[in-house]
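Asker: The hints should help you fit chain C onto chain X, whose structure is shown.
2 protein chains.
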Amino acid sequence: MALASSSIVPLPLPLPTYSTKRPLLAPCAAQRTPDAATTVELPHHQEQRSKSTVNLPTTLSNLLHLHLTPKPEKSLENVAIALPADRRSPTESPKEDVSSLCSELHGSGDWSHLLNPLHRWLRREIVKYGEFAQATYDAFDFNPFSEYCGSCLYNRRRLFDNLGLAKNGYNVTKYIYAMSHIELPRWLERSIRADTWSKDSNWMGYVAVSDDTESRRIGCRDIVVAWRGTIAPAEWFEDLQGKLQSLGSDHGDVKVEHGFLSIYTSKSDATRYNKSSASEQVMEEIKRLVSFYREKGEQVSLTITGHSLGGALALLNAYEAASAIPYLPVSVISFGAPRVGNIAFGEKLKEMEVKTLRVVVKQDLVPKMPGILFNEGIKKFENVTGTLDWVYTHVGLELGLDVRSSPYLKKGLDVPGFHNLEAYLHLVDGYLSSDTEFRLDAKRDVVLVNKASGMLREELRIPPCWYQSANKGLVCNSYGRWVQPQRDPEDIPSPYRNGPITCHS
Amino acid sequence: MALASSSIVPLPLPLPTYSTKRPLLAPCAAQRTPDAATTVELPHHQEQRSKSTVNLPTTLSNLLHLHLTPKPEKSLENVAIALPADRRSPTESPKEDVSSLCSELHGSGDWSHLLNPLHRWLRREIVKYGEFAQATYDAFDFNPFSEYCGSCLYNRRRLFDNLGLAKNGYNVTKYIYAMSHIELPRWLERSIRADTWSKDSNWMGYVAVSDDTESRRIGCRDIVVAWRGTIAPAEWFEDLQGKLQSLGSDHGDVKVEHGFLSIYTSKSDATRYNKSSASEQVMEEIKRLVSFYREKGEQVSLTITGHSLGGALALLNAYEAASAIPYLPVSVISFGAPRVGNIAFGEKLKEMEVKTLRVVVKQDLVPKMPGILFNEGIKKFENVTGTLDWVYTHVGLELGLDVRSSPYLKKGLDVPGFHNLEAYLHLVDGYLSSDTEFRLDAKRDVVLVNKASGMLREELRIPPCWYQSANKGLVCNSYGRWVQPQRDPEDIPSPYRNGPITCHS
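Protein chains in written order, with full-length UniProt numbering: chain X, 1 to 505; chain C, 1 to 505.
Bound conformation, chain X alone:
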């Protein structure tokens, strides 16, 4: 449903603040920009690009310049920038029965015919999974003054209710915790208090399953795993470059980034939440759910999602699930994910029919990590050298987004903003095809973009980074004293809280 024009109050709109003049910092950037028409690409065919594609920027700072490349302004000038005036319009379209496209939506035909133009059913499914990934940030306790820093704020039964995601029709069945045996600075969030719930582990995601209604609507019982990412900057991923690690002799030449693998597989008997690894926790739950629903004769699918680091973990998880569970359709919807493994890893995923849709904002640096120079430059040799075990590669299909397509977003350089998941979801919501403008009847709340960024244009009058708790969590007790509140006992993390499937109606 398009917004009625009467509910739009066009605000006076100054011209975009950047000009078509050569940006000061990027004297040669214009020639280097990939054509906007190539935003949906098959990465395995990248070697067929022209030689100018191989001549990629060789340093991180050169790469940054790409973002200042102006797009002709004509396309922006005619767009009225406004939030719906009365703010009383729905944030999504009415649900439709998509069961007729069940396997296609999960990638059975490599999403051909669904990606360009983007089918509205697929767009909505992508946003749904993206919101599952966003939940891992929104419910994460980042507060270092909290005893429970690094855990989920709510127990699994209340997670979706508290975040407004109950509408999606899924129930969380298990929380996943992770640790790392190797030094990964800026990864673990930890309380500064002595009496903390865990010094080693972080809440890293969850497993959920579609309820009966949603299962009927989408045509299968859908198990979802959502992996939390990291708020570490792009450089964090750069630091991981060049440390590929073999998965063992059973896996041939397959190698993956050892930092990601460490988070996915580390465990220690000395810990409370990682006596088993994230891998073991998640696989146990997936197997349990698959058996449970297969025994009931249901069609089961597994969809794994994550943003940033979470997208990398999603791919490792997909690899493991496809290896371990025969005939299970496994798909990955990742957002701004870095490269994870070598070419053999990608080929093995392809062989196992793991379907991967990588949603990528082209100005985002993280999907170019690790190994910007290394990988792009070397790809032309692939035919000669075969499955190089020392080259990272992307897998699957890419849905390419462009921050310049949205009239709501600022045009300047904003490296963290380009990687922000809410900005991704906004761009997906407005995406029609690789060569059309942002759709103006997009319904998702634009204000969400500024939850943890300042990407929205000033004219919209939305405060930057507004997602914050009242008084940083302190509450005034009946004695008039400000205290860190006791967490509801139900929401105190427990390694023993994952139980049988309680409900799925």
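It is worth saying that the hints were derived from the structure and are not from the lab. Be aware that one or more of the hints could be misleading.
If several chains are the same, the list does not tell them apart, and a pair holds so long as it fits within one copy or across any two.
With a straight-line Cα cutoff of 30 angstroms, these simulated DSS-like cross-link-like pairs (lysine-lysine) come out [stated by the list, open to error]:
1) 296 <-> 410
2) 443 <-> 287
3) 275 <-> 443
4) 296 <-> 199
5) 472 <-> 410
6) 199 <-> 167
7) 472 <-> 167
8) 199 <-> 410
9) 472 <-> 350
10) 167 <-> 411
11) 95 <-> 443
12) 199 <-> 95
13) 243 <-> 443
14) 95 <-> 243
15) 411 <-> 350
16) 287 <-> 275
Answerer: Okay, now just chain C, sitting in the frame of chain X:
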């Protein structure tokens, strides 16, 4: 009532992070530090200090170094740093009938015998007035995205209830608005929205009056005026230096800082909230209340309070009230206030028996403004030149506080922190006398210090600058959209809202 020791859990306490070694930035500062025993001083007698006092730092940066001067650590080492463990202790002592000292508490004897050591009744009254001043910050709408930025968040009937100050037994009778005809950068807080309640005026304070119970307890009907200060840095006051302005031929040599006078007296028919000036608004209300209660045969007092700029306005207001209303006892309790006028101004206040208690943290720069060098250096000539009309001077008595006295506060340099009103109130609450340590049975919530600063020691585990609204004021409406909420119509500012005294029971 002292806290039971069982309710204190001493936290492991590292040694203070600064040492008695010479601070890097202050090679000679130790010799310059005023003796701690002189914290309660009669400023008009400052010229009697030794010559070394005249040899004051000649630049702002030199002055900053004073704050790094370490105090012997012995006094700190023996203090257990802890917040009450169960946080279930009262934040103040039970109220006592102080009516027997009514006029002395309002300064009739220049607070002699009450200041050193500080009488507990006076301490409590100072905190009460300080909380009235703090209310002007806590209820101020600083949000530039709010349509009502620069106003009070609540109407006058709800102000004290919403801030937990109803316990003090006062009722707000009028709000005061101010504007300025001269350029005072960083003073006016204004909405970035086009549709704002006012482009010219800010809420600048309020008039309140004690209710019957409180009036009986303190021995008179107490009219309070609380003036809002500014969050501008010390340099803001420095910029005002040297612009003394005459009050007119009726006032002889009296001159005051023209920036403060502008805020106090500006008005314009083109505005909605300053068709009358702050001066006219406040004086009209004071006169109305004085007449009202005098006609009932009551003893009436006027106490004017304010922090920073608010303390300056309090003094102008006191000057005007004492000039205009015969036989009205007028006292000023100011916190971190800068100098306001010349020596003739100070003498005139003294002549009119305006009693001024200036609460001053000795590390705070603002009370040294305007004119650090100028005034301190010149004072020795006073006897020669008489009432110099071009020299700023402080008036009244000073209650000197020292951030180093509190075991809860960090010892490092924190220029904005030294000026923070909540830090002032904390130090008053712990103050016994000029030569004793912070009292350990102080009950005021220490956590309040960090509302808008990071002054509390890390061991206390209190987040810095924690006083913030959830989601920067945005709320999720029933359509799932995040919006700036409509303000309750009752709380929308109105220039016509000041009415008759509604209740004082």
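Asker: Each hint should be assessed against the structure and marked as holding or not.
Answerer: Consistency of the hints with the structure:
Proximity of residue 296 to residue 410 under the C-alpha cut-off of 30 angstroms is found in neither arrangement, the shortest distances being 51 angstroms within a copy and 64 angstroms between copies. Taking identical chains as interchangeable, the C-alpha atoms of residue 443 and residue 287 are never at most 30 angstroms apart, the minima being 37 angstroms within one chain and 57 angstroms between chains. When the C-alpha separation of residue 275 and residue 443 is checked against a cutoff of 30 angstroms, the pair qualifies neither within a copy, at 44 angstroms, nor between copies, at 45 angstroms. In the homo-oligomer, the alpha carbons of residue 296 and residue 199 never lie at most 30 angstroms apart, since the shortest distance is 41 angstroms inside one protomer and 67 angstroms across protomers.
Taking identical chains as interchangeable, the C-alpha atoms of residue 472 and residue 410 lie at most 30 angstroms apart whether they share a chain (28 angstroms) or sit on different chains (21 angstroms). In this assembly of identical chains, the alpha carbons of residue 199 and residue 167 never lie at most 30 angstroms apart, being 35 angstroms within a copy and 43 angstroms across copies at closest. Both within a single protomer and between protomers do residue 472 and residue 167 lie at most 30 angstroms apart by alpha-carbon distance, with minima of 28 angstroms and 26 angstroms respectively. Within a single copy, residue 199 and residue 410 get their C-alpha atoms only as close as 39 angstroms, which misses the 30 angstroms cut-off; across copies the closest is 27 angstroms, which meets it.
Neither within a single protomer nor between protomers do residue 472 and residue 350 lie at most 30 angstroms apart by alpha-carbon distance, with minima of 46 angstroms and 46 angstroms respectively. Within a single copy, residue 167 and residue 411 get their C-alpha atoms no closer than 33 angstroms, and across copies no closer than 52 angstroms, so neither meets the 30 angstroms cut-off. In this assembly of identical chains, residue 95 and residue 443 lie within 30 angstroms of each other by CA distance solely inside one copy; the values are 13 angstroms within and 57 angstroms between copies. In this assembly of identical chains, residue 199 and residue 95 lie within 30 angstroms of each other by CA distance neither inside one copy nor across copies; the values are 43 angstroms within and 46 angstroms between.
Neither within a single protomer nor between protomers do residue 243 and residue 443 lie at most 30 angstroms apart by alpha-carbon distance, with minima of 42 angstroms and 56 angstroms respectively. In this assembly of identical chains, residue 95 and residue 243 lie within 30 angstroms of each other by CA distance neither inside one copy nor across copies; the values are 45 angstroms within and 68 angstroms between. In this homomeric assembly, residue 411 and residue 350 never come within 30 angstroms of each other (Cα to Cα): the closest approach is 37 angstroms inside a single copy and 61 angstroms across copies. Within a single copy, residue 287 and residue 275 get their C-alpha atoms as close as 19 angstroms, which meets the 30 angstroms cut-off; across copies the closest is 75 angstroms, which misses it.
Consistency note: the structure conflicts with the earlier hints numbered 1, 2, 3, 4, 6, 9, 10, 12, 13, 14, 15.
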